[in-house]
Amino acid sequence: MTAVQEPRTSTFDDNDQKPVGFGRMLRKEDPRLLRGRGRFTDDVQLPGMLHLAILRSPFAHARVVSVDTSAAEAAPGIRAVVTGAKLAELGLAWMPTLSNDVQAVLATDKVRFQGQEVAFVVADDRYSARDALELIDVEYEVLDPVIDVRQALAPGAPLIRDDLDGKTDNHCFDWETGDADATAAVFARADVVVQQDIVYPRVHPAPMETCGAVADFDAVEGKLKLWSTTQAPHAHRTLYAIVAGLPEHKIQVIAPDIGGGFGNKVPIYPGYVCAIVGSIVTGKPVKWMEDRSENLISTGFARDYIMRGEIAATRDGKILAIRTNVLADHGAFNGTAAPVKYPAGFFGVFTGSYDLEAAYCSMTAVYTNKAPGGVAYACSFRITEAVYLVERIVDCLAAELEMDPAELRLKNFIQPDQFPYETKTGWVYDSGNYEPTMRQAMDIAGYAQLRAEQAEKRSRGELMGIGISFFTEAVGAGPRKNMDILGLGMADGCELRVHPTGKAVVRLSVKTQGQGHETTFAQIVAEEIGIPPADIEVVHGDTDQTPFGLGTYGSRSTPVSGAAAALVARKVRDKAQIIASAMLEVTVADLEWVKGSFQVKGDPGKSVTIQQIAMRAHGAGDLPEGIEGGLEAQICYNPSNLTYPHGAYICVVDIDPGTAQVKVRRFIAVDDCGTRINPMIIEGQVHGGLTDGVGMALMEMIAFDEDGNCLGASLMDYLIPTALEVPDWETGYTVTPSPHHPIGAKGVGESATVGSPPAIVNAVVDALKPYGVRHADMPLTPSRVWDAMRGRATPPI
Amino acid sequence: MQVPAPFEYERATSVDQAIGLLERLGSSARLVAGGHSLLPMMKLRLATFDYLIDINPLHAELGYIRVGAGEVRIGALTRHRELLESDELAAAFPIFRDAERVIADPVVRNRGTLGGSLCQADPSEDLSAVCTTLDASCVIRGPGGAERVVSMGEFHVGPYETAVGDGEMLTEVRLPVRPGGGSAYVKVERRAGDWAVVSAGAAVWLAPDGTIADARVGLAAVGPNTTGIPEISAALRGREPAEKLYEQAGAIAARSCDPATDQRGSADYKRHLADELTRRTLRTAVARARS
Ligand SMILES: Cc1cc2nc3c(=O)[nH]c(=O)nc-3n(C[C@H](O)[C@H](O)[C@H](O)COP(=O)(O)OP(=O)(O)OC[C@H]3O[C@@H](n4cnc5c(N)ncnc54)[C@H](O)[C@@H]3O)c2cc1C
Numbered sequence: 083m084t085a086v087q088e089p090r091t092s093t094f095d096d097n098d099q100k101p102v103g104f105g106r107m108l109r110k111e112d113p114r115l116l117r118g119r120g121r122f123t124d125d126v127q128l129p130g131m132l133h134l135a136i137l138r139s140p141f142a143h144a145r146v147v148s149v150d151t152s153a154a155e156a157a158p159g160i161r162a163v164v165t166g167a168k169l170a171e172l173g174l175a176w177m178p179t180l181s182n183d184v185q186a187v188l189a190t191d192k193v194r195f196q197g198q199e200v201a202f203v204v205a206d207d208r209y210s211a212r213d214a215l216e217l218i219d220v221e222y223e224v225l226d227p228v229i230d231v232r233q234a235l236a237p238g239a240p241l242i243r244d245d246l247d248g249k250t251d252n253h254c255f256d257w258e259t260g261d262a263d264a265t266a267a268v269f270a271r272a273d274v275v276v277q278q279d280i281v282y283p284r285v286h287p288a289p290m291e292t293c294g295a296v297a298d299f300d301a302v303e304g305k306l307k308l309w310s311t312t313q314a315p316h317a318h319r320t321l322y323a324i325v326a327g328l329p330e331h332k333i334q335v336i337a338p339d340i341g342g343g344f345g346n347k348v349p350i351y352p353g354y355v356c357a358i359v360g361s362i363v364t365g366k367p368v369k370w371m372e373d374r375s376e377n378l379i380s381t382g383f384a385r386d387y388i389m390r391g392e393i394a395a396t397r398d399g400k401i402l403a404i405r406t407n408v409l410a411d412h413g414a415f416n417g418t419a420a421p422v423k424y425p426a427g428f429f430g431v432f433t434g435s436y437d438l439e440a441a442y443c444s445m446t447a448v449y450t451n452k453a454p455g456g457v458a459y460a461c462s463f464r465i466t467e468a469v470y471l472v473e474r475i476v477d478c479l480a481a482e483l484e485m486d487p488a489e490l491r492l493k494n495f496i497q498p499d500q501f502p503y504e505t506k507t508g509w510v511y512d513s514g515n516y517e518p519t520m521r522q523a524m525d526i527a528g529y530a531q532l533r534a535e536q537a538e539k540r541s542r543g544e545l546m547g548i549g550i551s552f553f554t555e556a557v558g559a560g561p562r563k564n565m566d567i568l569g570l571g572m573a574d575g576c577e578l579r580v581h582p583t584g585k586a587v588v589r590l591s592v593k594t595q596g597q598g599h600e601t602t603f604a605q606i607v608a609e610e611i612g613i614p615p616a617d618i619e620v621v622h623g624d625t626d627q628t629p630f631g632l633g634t635y636g637s638r639s640t641p642v643s644g645a646a647a648a649l650v651a652r653k654v655r656d657k658a659q660i661i662a663s664a665m666l667e668v669t670v671a672d673l674e675w676v677k678g679s680f681q682v683k684g685d686p687g688k689s690v691t692i693q694q695i696a697m698r699a700h701g702a703g704d705l706p707e708g709i710e711g712g713l714e715a716q717i718c719y720n721p722s723n724l725t726y727p728h729g730a731y732i733c734v735v736d737i738d739p740g741t742a743q744v745k746v747r748r749f750i751a752v753d754d755c756g757t758r759i760n761p762m763i764i765e766g767q768v769h770g771g772l773t774d775g776v777g778m779a780l781m782e783m784i785a786f787d788e789d790g791n792c793l794g795a796s797l798m799d800y801l802i803p804t805a806l807e808v809p810d811w812e813t814g815y816t817v818t819p820s821p822h823h824p825i826g827a828k829g830v831g832e833s834a835t836v837g838s839p840p841a842i843v844n845a846v847v848d849a850l851k852p853y854g855v856r857h858a859d860m861p862l863t864p865s866r867v868w869d870a871m872r873g874r875a876t877p878p879i
Numbered sequence: 072m073q074v075p076a077p078f079e080y081e082r083a084t085s086v087d088q089a090i091g092l093l094e095r096l097g098s099s100a101r102l103v104a105g106g107h108s109l110l111p112m113m114k115l116r117l118a119t120f121d122y123l124i125d126i127n128p129l130h131a132e133l134g135y136i137r138v139g140a141g142e143v144r145i146g147a148l149t150r151h152r153e154l155l156e157s158d159e160l161a162a163a164f165p166i167f168r169d170a171e172r173v174i175a176d177p178v179v180r181n182r183g184t185l186g187g188s189l190c191q192a193d194p195s196e197d198l199s200a201v202c203t204t205l206d207a208s209c210v211i212r213g214p215g216g217a218e219r220v221v222s223m224g225e226f227h228v229g230p231y232e233t234a235v236g237d238g239e240m241l242t243e244v245r246l247p248v249r250p251g252g253g254s255a256y257v258k259v260e261r262r263a264g265d266w267a268v269v270s271a272g273a274a275v276w277l278a279p280d281g282t283i284a285d286a287r288v289g290l291a292a293v294g295p296n297t298t299g300i301p302e303i304s305a306a307l308r309g310r311e312p313a314e315k316l317y318e319q320a321g322a323i324a325a326r327s328c329d330p331a332t333d334q335r336g337s338a339d340y341k342r343h344l345a346d347e348l349t350r351r352t353l354r355t356a357v358a359r360a361r362s
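Those protein sequence lines, which keep their order, are chains C and A.
The opening residue of the first sequence carries number 83 in the numbering used here; numbering runs sequentially from there.
The opening residue of the second sequence carries number 72 in the numbering used here; numbering runs sequentially from there.
Same shape as in the complex, but just chain C (with noise of 0.2 Å):
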């Protein structure tokens, strides 16, 4: 497995030569997304298609009295008015969430959050049937909320899932992952421990599309068809079948062009089974599509963890081990997805890129009157703060000590030769060789220079900070003896089809929502079985038409999907080469692959292209003995083993001393995702993310009040970061090739989500240094900034 050569161009340069396989190429969507031609789920428009919208509860908690529709349903141009008890009737009032708890689609005895489903209605178009919501009469008996998460397990606290049997308390569940006796003796016994109290406040994907679906239910047929705004296609179908009882082979859901996912679109929305019910009941295709305000509030959010961090180290700066205790913000409803033995998700990669003696975490979720959701946001499930969590406490530990951070860093990595390497919470590292990575990153930024430099400003008072961070990512879930979601394995299908002229098509389970699947898998195709990127259609997004498999979120797409692809490629060429060995007349061991064509070994005048043994495939004549016609195949692949990528990010950021406005003066990413196969689309993530994490780091969080209003219901109030908030990205690159995957690569769809965050923090915090600050929770709006510069930091929850 070798890295591939990648010219440096500048981002925007197609290559010319356009690689057949690997390298930098413009994506194949792209004419078609920039043209405006996409087609997203607000633009299916079907013959006598109504429409739907639903009314939500204003208030946090509060007993649904009494619903009175009769006003609604006598409005011109309404067909349908439902209500939780409606549903209950048809036994659709609950549906299950993706971690095994209950969802209420409408509200039946009690609203849970604000902006929770309480009835819907379907009207000739979209204007009457929000028109009509004004005119359903709910009566509330408001109840007590809770809303500070620190209080939900308190004595007296309002109960807020009295739906659950025998439900007490507002807990939700217990975990812990690593050896707290062993990790206590460790704390014991050593030099320097540093603690801190560490919050990743609730924050939203806000992606460009809102959530939205268009039901389609033919009563002759039995069929259901449903286009949706899904992530996860197939899983959503089985889901679909499991709560609506309809037949799966009956239930076709398409996810059309995505306009962003970032985790957002993983769920299963009350908005998508209103839809569906909507259509059963007025025989009409029925479209939801809901707005900006609707999207803020009630979908699944991200984070909400405050965490207390703790490391211990020697003197000299070796860490021995880290631990720490989380309270999580689950909301009203256990609404996380992932995998069902993972109900933290993959936070037990806390233990970050470090050698570590013991290690230990304890968790408890809880219930609060918010919004469900949990994991979202491009967070490779918890990792984002898990990495928070380690990369700050390892720059408090590196403050503690009056030692470099850089410096520190490197003295912990876990060494190239101790790979694979098991973590002390129980994960293996498949590979890794962080020092380049991290050198390399100091080039770019000058790491020397930054630090001079800062000196010399900190004299004149003036504030420099730099920050680091370094992570490691596990990414491409996963291995189906320990990862499922709802039962359902996480493995992925793929076929591959070689048409006549030597054409191909090959279909996905995954589902890109701006990631640029439509090329990049047709460059691993390509790089297999030497057929142009442009001869190979990526059939994707619909049930009917493609393979088995889980959808795309948590970085998976290119681990799991990619290797199979990959591997149907090399099933589809060994079938060629056989076929190939009867063409030129020579065993298949006289064969030799020159990508593209088989060549006779020693003798390269005699060679066949792959697309001449397409046509022979399904020409006439006979093929050799026992090999069917055609140039097709299909697998399941498993994953062995989650894929590891890492990267080191340096920030470099000034502070207005008078307003205490943080500006992001550089930003280097140095990434290694392993093999890498289109270089352009993976800094186009890299960029993304970076972006993400500004906003994150800056200004981003969803608020509430104390009677539970959400205080970030519009992109007035919910900030997301814009072009002129950002610098010039710095990017650079290492290949450490992922020793499971077929082709070596490792994902890298969230890393700079994940990666980036801390490093603005650390630059922040070490701006503020003069100001003996340690620490400061996001979002660094100037006004919380300007707290800390006074001493006075306080969490934002």
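Any given hint might turn out to be false.
Pairwise CB distance ranges, derived in the manner of DEER restraints [what the hints assert, rightly or not]:
id, chain 1, residue 1, chain 2, residue 2, range
1, C, GLY712, A, GLN73, 46 to 54 Å
2, A, GLY215, C, ASP810, 53 to 61 Å
3, A, GLN73, C, ASP206, 15 to 23 Å
4, A, ARG310, C, TYR853, 32 to 40 Å
5, C, GLU221, A, ASP339, 37 to 45 Å
6, C, GLY365, A, TYR135, 54 to 62 Å
No lab work stands behind these hints: they were computed from the structure.
The beta carbon of each residue, even a glycine, is placed where N, CA and C say it ideally should be.
Chain A with the ligand: place on chain C using the hints.
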């Protein structure tokens, strides 16, 4: 898509026809100028109106910047973008360009208007702070062509409330031009295009001997309306420009404003910014007046 409640819509054909409609329809009607404040409120259903009268067809009549010897007159329908791009205006009052650079984004600036900004009377509105700083007066036109001219202090009667009555409209803003002037605007925001955490405008007029003949400071987002602080003007008049003096003005600004803690920042921080930004803008305004 966020959907407003039903309303009826008419395009204005002249200022007086629009005023006639407003008079007839009363408080159930609203003018729509750039629509960048009104329409978001209607889409979020924070406001509902039965009738919208679109005054954009009157841009030829109400969109202008006239720089005269003693006065600049700006039509109510002049767009943010026109204010940003006018070199003449920037020469007379650099504060406008300072402010327009940090108001919203190009999409909003292409449509949003001076009149809409002042009539929205949002305590964070930047152009209100600019007009307060420049001691603007507002021309309000009523039925039958009757016009009255009110000061900025009178124009804003509370948050989201102005002196413009039913059946009236703002047609023009007038800014007095005095010799020796310099002005500046600074805004602290959490993100480009966000509303101000706090912003400050300052204008100074220097006497031939270099002392401050007059000075004004206008602050946004620190009280129910944008505020001009007379005490600052009094403290600066007749004095030699100096850092100490700006500090004194800053202290008055911090003490005189009335900010509230919200998502944009704590009241304490905003008070600090009132001080800091007052000093910064005075410094720049004096430098500009001198050059
Ligand atoms: C994303 C976004 C960001 C923004 N950021 C900022 C910012 O940073 N700083 C800032 O200052 N502003 C900001 N704004 C507001 C922007 O400047 C608006 O354009 C402005 O507030 C209103 O101007 P308008 O012409 O759009 O008014 P409209 O929305 O059309 O009208 C506003 C109100 O004024 C009334 N009105 C309008 N014209 C007249 C008139 N001639 N006579 C009487 N009444 C009238 C209307 O009836 C309505 O009640 C932002 C807006 C958006 C959408």
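Hint numbers not upheld by this structure, sorted from lowest to highest: Every hint satisfied by this model.
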